[in-house]
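Chain order of the listed sequences is A and B.
Following numbering that gives the first Met the number 0, the numbering of the first sequence begins with 0 at its first residue and continues without gaps.
Following numbering that gives the first Met the number 0, the numbering of the second sequence begins with 0 at its first residue and continues without gaps.
Careful, some of the hints might be misleading.
If you want the footprint, here are the derived chain A segments under chain B, 3+ residues with CB under 8 Å [claimed, not checked]:
no., stretch
1, 15 to 27
2, 81 to 89
3, 110 to 119
Some chain A residues flagged as far from chain B (calculated, every beta-carbon gap over 10 Å) [stated by the list, open to error]:
no., residue
4, Thr1
5, Glu40
6, Ala52
7, Arg61
8, Met94
9, Gly97
10, Ala98
11, Glu105
12, Leu122
13, Asp123
14, Ile125
15, Pro126
16, Ser127
17, Glu128
18, Asp136
19, Gly147
In case anyone wonders, no lab produced these hints; they're calculated from the structure.
By construction, the Cβ of each residue, glycine as well, lies at the ideal position given by its N, Cα and C atoms.
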Amino acid sequence: MTAEAMEISDLGVGCAADVLERMCFADIGEPGDGQNSGPYEVVVEVAFEGSIAGRFYLAACRDAVQAMAAGFLGQDSPPTTEAGAADVVNEIANMVCGATLSQSSEENQFRLLSPRQVAPSALDAIPSELRRTLWLDEGHVATAVLLGEGPP
Amino acid sequence: MSKRVLLADDSRAMRVFIRRVIEMSGFEVSRYLEAGDGREALEVLRGEGADLVLTDINMPVMDGETMLREIAGDAALRDIPVVVVSTDMTAPRMERLQSLGAAGYVCKPFYPEDLRATLESVMELEP
């Protein structure tokens, strides 16, 4: 595990918190809030290439997905349609990944590929040291960054 | 005066979000136009026109930077203010966008107030 990967993983979870607070109007809680909110149901992968290459992952349990979508789209009460919620989670993953890479180095030049939803089992292949978790009132969200494994 | 605003972003969710912020901010908008990529945005601009463009950078088919370059090179379009809304605000990117005449930048993620302030600033410069 490189120090760079750990640093970017830390940066990634900070950027995720920023996105969720600013654009989904979510309250980020303490570990334990929403802890029993079920497994990760949606996992989005954003591959990036350029002076830095790799893959970013954003995962969320069902209730967190609905909360993010409702906050972002401005709908007072879930459920948002599945397609609408998926579009929101893809966009959030895209923003978090872009912000993380921009902040990791001013000199980074990169291109993000379109976000795509992958099987929740994709998380199993990511070392736990690179995963970070955020707790929302409604459920949990995880982020992870893998360096050196760009687009397929 | 009421404006026609073109939102160029490949994410429908982001177009909805930006439109919501504009509406909450009280700007007078007579019509929202939408495009999913830079090429589609240029077609809208050349067909229906717009008074203001908000665009993402990272889009399929034609990215926002290429679109901005096309706008800068088209005498009929180059006076339309373009505000870039993107996660990619690294120094090299910002320099290129500035040289292409972007009227404003908003870095994602942003608070709704950030977008409103940028739009107010851009609108004030409008004749």
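Going down the list of hints, with the structure as the test:
1. Counting residues of the stretch 15 to 27 of chain A whose C-beta sits closer than 8 Å to any C-beta of chain B gives 4, which meets the bar of three, so the coverage hint holds.
2. Taking a C-beta to C-beta cut-off of 8 Å, the stretch 81 to 89 of chain A contributes 4 residues in contact with chain B, enough for the three needed, and the coverage statement holds.
3. For the stretch 110 to 119 of chain A, the proposed coverage by chain B is satisfied: 3 residues have a C-beta within less than 8 Å of a C-beta in that chain, meeting the threshold of three.
4. Even its closest Cβ contact with chain B, about 22 Å, leaves Thr1(A) beyond 10 Å, as expected for a residue assigned away from the interface.
5. The claim that Glu40(A) lies off the interface holds: its Cβ sits roughly 18 Å from the closest Cβ of chain B, which is beyond the 10 Å cut-off.
6. Remark: the non-interface label on Ala52(A) is consistent with the geometry, its nearest Cβ contact in chain B lying 15 Å away (cut-off 10 Å).
7. Listed as a non-interface residue, Arg61(A) keeps its Cβ farther than 10 Å from every Cβ of chain B; the least gap is roughly 18 Å.
8. A cut-off of 10 Å between C-beta atoms contradicts the statement that Met94(A) is not in contact with chain B; the least separation is 5 Å.
9. Non-interface call for Gly97(A) relative to chain B: violated, since the shortest CB-CB distance, roughly 3 Å, does not exceed 10 Å.
10. Not every Cβ of chain B is farther than 10 Å from the Cβ of Ala98(A); the closest lies at roughly 5 Å, contradicting the non-interface assignment.
11. The beta carbon of Glu105(A) is not kept farther than 10 Å from every beta carbon of chain B, the shortest such distance being approximately 5 Å.
12. Every C-beta of chain B lies more than 10 Å from that of Leu122(A), the closest at about 23 Å, which supports listing it as non-interface.
13. For Asp123(A), the requirement that its beta carbon stay farther than 10 Å from each beta carbon of chain B is met, with the minimum near 28 Å.
14. Distance check for Ile125(A) against chain B: the nearest CB is about 22 Å away, which clears 10 Å, and the non-interface claim stands.
15. With 10 Å as the threshold on Cβ separation, the claim that Pro126(A) sits away from chain B holds: the shortest Cβ distance comes to roughly 25 Å.
16. At roughly 26 Å from the closest C-beta of chain B, the C-beta of Ser127(A) stays outside 10 Å, upholding its exclusion from the interface.
17. The beta carbon of Glu128(A) is kept farther than 10 Å from every beta carbon of chain B, the shortest such distance being approximately 25 Å.
18. Listed as a non-interface residue, Asp136(A) keeps its Cβ farther than 10 Å from every Cβ of chain B; the least gap is roughly 19 Å.
19. Listed as a non-interface residue, Gly147(A) keeps its Cβ farther than 10 Å from every Cβ of chain B; the least gap is roughly 20 Å.
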